[in-house]
Amino acid sequence: MALLDARTLSRYRADIELAQRAKQAIDLEVKEQQKQVTVLAGKKKEAEAALASVGGGAVSGGFLSVNSPLAKAAPRNSDGSWPKESCTVDDPTTSGCITPRLLNAYQQARKAGFTHYTSCFSKRSSGEHPLGRACDFSANASTFKNSPATGSDKAYGNSLAAYFVRNADRLGVMYVIWFRQIWLPNTGWRSYSGSGSVAARHENHVHLSVL
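In this note's numbering, the protein residues as written are 6 to 216.
Since the hints were made in silico from the structure, they are not lab data. A hint or two may mislead.
[To be verified] No more than 25 Å apart at the CA atoms, straight line, and that leaves these computed lysine-lysine pairs for PhoX-like:
#1 128 with 89
#2 128 with 77
#3 159 with 116
#4 128 with 150
#5 150 with 116
#6 77 with 89
Only a predicted model underlies this, so the values are computations on that prediction, with no experimental measurement involved.
Turn these sequences into a full structure, and let the hints steer you where they fit.
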């Protein structure tokens with residue numbers, strides 16, 4: 006009887022230890038998810054502040070198309086959240102670096118036929134470009150023209166902007182800017198005035214920022 010009691014007690018203690026380890030793992034996961042939420046909330050505020058600073062806010066027609074091809078989704082954590090990434094892979098458009106998630110977005114866009122001139126990493130004092138989280142996709146095939154896109158170039162930009170919007174959840178899109186409009190997941194397309202130049206108004210290129 007004593008031996009049976011000892012075995013029962015031993016199993017009971019083992020079950021308690023297992024439960025405690027499971028709780029510790031869950032607590033750590035909760036803390037990590039809380040950090041991710043904080044990071045994403047900060048990114049959202051940055052994007053909204055940038056939008057407000059350039060006169061954005063009015064709802065606009067935007068660029069959407071149900072015919073845009075679907076992109077291969079970027080990897081997520083097992084719980085569906087986005088893994089934390091930094092500028093660790095070579096930027097195929099410059100001598101700098103970008104995040105794996107941005108590389109996937111760039112590669113998927115090219116596979117979908119969007120192969121015009123593109124530049125991603127650049128040294129700046131702010132924004133996502135120096136973090137390897139943003140690319141500028143020229144409407145023109147070979148360069149950034151210092152004039153608003155027209156004709157086939159304008160149509161190309163419209164299609165590319167619509168492609169990123171349709172695949173926002175697959176690619177981890179933070180926001181898209183094109184031709185005096187900006188798209189964010191929680192607001193849709195809104196007006197965007199820029200600072201006066203063609204490039205600042207994004208009339209010659211589509212800007213993509215990823216989480």
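Now the hints, each set against the structure:
Annotation: proposed proximity of residue 128 to residue 89 holds, straight-line Cα distance about 21 Å (limit 25 Å). A distance of roughly 29 Å separates the Cα atoms of residue 128 and residue 77; the hinted pair therefore is violated under the 25 Å criterion. Restraint check: the Cα-Cα separation between residue 159 and residue 116 comes to about 20 Å, which is no more than 25 Å; the hinted pair holds. A C-alpha spacing of about 21 Å is found between residue 128 and residue 150, which places the hinted pair at or below 25 Å, so the restraint holds.
Of the supplied pair hints, the one linking residue 150 and residue 116 holds, its CA atoms being roughly 24 Å apart against a limit of 25 Å. Of the pairs offered as hints, the one joining residue 77 and residue 89 holds, with about 19 Å between alpha carbons and a cut-off of 25 Å not exceeded.
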